[in-house]
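A.B. asks: Given the structure of chain G, go ahead and fit chain B onto it with the hints provided.
Going down the list, the protein sequences come from chains G and B. Following the working numbering, the numbering of the first sequence begins with 1 at its first residue and continues without gaps. Following the working numbering, the numbering of the second sequence begins with 1 at its first residue and continues without gaps.
Everything labelled a hint here was simulated from the structure, so no lab data went into it.
When the alpha-carbon atoms are kept at most 25 Å apart in a straight line, the in silico SDA-like pairs for lysine to any residue are as follows: (1) B/K180 / B/L243; (2) G/K47 / B/N85; (3) B/K323 / G/R21; (4) G/K251 / G/L222; (5) B/K180 / B/E201; (6) B/K323 / G/V273; (7) B/K271 / G/E328.
Computed beta-carbon distance windows for the label pairs: (8) G/A319 / B/D104: 34 to 42 Å; (9) B/D50 / G/H166: 29 to 37 Å; (10) B/V320 / G/I269: 17 to 25 Å; (11) G/A319 / B/S196: 30 to 38 Å.
Take a look, some chain B residues computed to stay more than 10 Å from chain G by CB distance: (12) A36; (13) D124; (14) E176; (15) K180; (16) D295; (17) K323; (18) N329; (19) G330.
For clarity, every value in this text was computed on a predicted model and none was experimentally measured. For glycine and all other residues, C-beta sits at the position ideal for the given N, C-alpha and C.
Protein chains: 2
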Amino acid sequence: MTASRYDVLGIGNAIVDVIARAEDDFLVAHGMNKGAMALIDEARAKKIYDAMGSATESSGGSAANTIVGVASFGGRAAFVGKVKNDELGRAFTHDIRAARVGFDTPPASDGPSTARCYIMVTPDGERTMNTFLGAAQDLHPKDIDEATIAASAVIYLEGYLWDPPHAKAAFVKAAEIAHKSNRKVALTLSDAFCVSRYRAEFLDLIRKGTVDIVFANESELLSLYETADFDTAAKQMRSEAKLAVVTRSEKGCVVITRDGVEAVQAMPIEKVVDVTGAGDLFAAGFLVGHSHGKDHRTSARLGALAAAEVIQHIGARPAVSLKSLAAENGLATS
Amino acid sequence: MTASRYDVLGIGNAIVDVIARAEDDFLVAHGMNKGAMALIDEARAKKIYDAMGSATESSGGSAANTIVGVASFGGRAAFVGKVKNDELGRAFTHDIRAARVGFDTPPASDGPSTARCYIMVTPDGERTMNTFLGAAQDLHPKDIDEATIAASAVIYLEGYLWDPPHAKAAFVKAAEIAHKSNRKVALTLSDAFCVSRYRAEFLDLIRKGTVDIVFANESELLSLYETADFDTAAKQMRSEAKLAVVTRSEKGCVVITRDGVEAVQAMPIEKVVDVTGAGDLFAAGFLVGHSHGKDHRTSARLGALAAAEVIQHIGARPAVSLKSLAAENGLATS
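Bound-form chain G, shown alone (with noise of 0.2 Å):
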């Protein structure tokens, strides 16, 4: 195994977010599941913009998001998505490289426009996302480059990328590079009503130990192991997977390994505005942490801390520099 280029190289859904406050009423007249993802059409995109309130647009994308995390620790970070090439394919493109993150995935020239995400906050804080996959359904495995995926000590893959047709493959292409070089790879289930429409798949990649690092927060890994009790399924997760790490929000997380389960307490807050983007940030600060060859426990907590970040403001990217916030916390990554 040589010396690596990346930290964590991530590979998602390239997609804006169109964030807009609503109340609960909007989510109950639109037929949206709270707190969940949907997929969308262009049709349904319309009426739901044309009915949503006023709007700002920032880059998004689960595991773009985690790989901005990943840079903003000081990490060394590449994304692999697609956008068209057009107005917020452009922005996507400028603000993940702004953030120092290598993306070099060729844009669509043709075919639909850049995914967007309508995003509904609710007073609460919590975040309903309506999907329309756009140009992030194109996808493919030729977009995987060998040499970059054989040079990324961890790969760190969205389950969303199950939804578009092609990316399935090029999820599995760069899985089967990332082990013939010995490198890990990392997996969130992402959503749990995306883990029911591919649970015995996610179940064969962890199984089979495609999939060594798994996140999901606790509606996915009930829904992974179809029970209602958390100890069932985190028993489970104990006897399949090498190493899986469970969000519970303000109960903090637990690491699940074949040693045990071991449970990571959250970070205070004072107030939740936006809880866009934590699952998201948890797993940019674990994957520093463990790409830099620190405990199960010290990741966790770098873990929750850019999740606690993430969730004080509006926006699924951290505000202020991650790196920073840990030196602050006595939670030095490098």
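C.D. replies: Below, chain B without anything else, positioned relative to chain G:
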């Protein structure tokens, strides 16, 4: 004079803000005047965007921000301005209509793209603006609908309208219709550099009585009368304007009439995050009060309240209902 359909109708450059945090060094390195608005061409826009950090996009434009503020206070509001029929133009249109502002100016179908303002927010909360006027260049007298102007109690115009070639004619046409219909005309001087570009014309508008209400901040007032002494400039304004309101940041504002100069305090706030929109929202509050028959002091307090709200978060438009905020502060607007 018949009953009005709108309390305030604004005419201005329709702009999407592209906002990023930046250090003071960045402004120096790129030759920007801190706190000011510079007009830039497409080549410089590209250069600035390539150099600046991760950004968020949100609808802006000085008069448009004011009008959205008027609507947020529960005022009946309309806006006239030119976007292109592109992604950012659709975002601008969506956002202003979602704020319950009447907006019917037809978008340009060809020519330059929707106007963008690249805004650098430094750690002290000051904002430095670089505007690519794009489609806003094409606002034309034919975009001014006589019946709509005649049905608006106050029309509100931004000094920035002097920059695009035909907008000045649109401005003059609107002011003539308004006065013919016994309506009032308000003007914001916009920016000290804008004042130095068009000083003679702005003075002429005030002296001729084309403008009934002048909004300015301290540096714009000083620029207008080419003096460094506030009292000298205020005295001069008092001798020329029917009504002028001059904002002085944390020192509050002064309301200048033929009767005298009355100071009104600013609202105390915890932390300035981003001053973008402070003057725009001050004008919104004052105009709402004025158009509802409140005295100048009450109108100025409504302005101070709205300004205080907008500088405590990123972005130039209110994040909460100003009507509710006014009620909570014992300043009912209706």
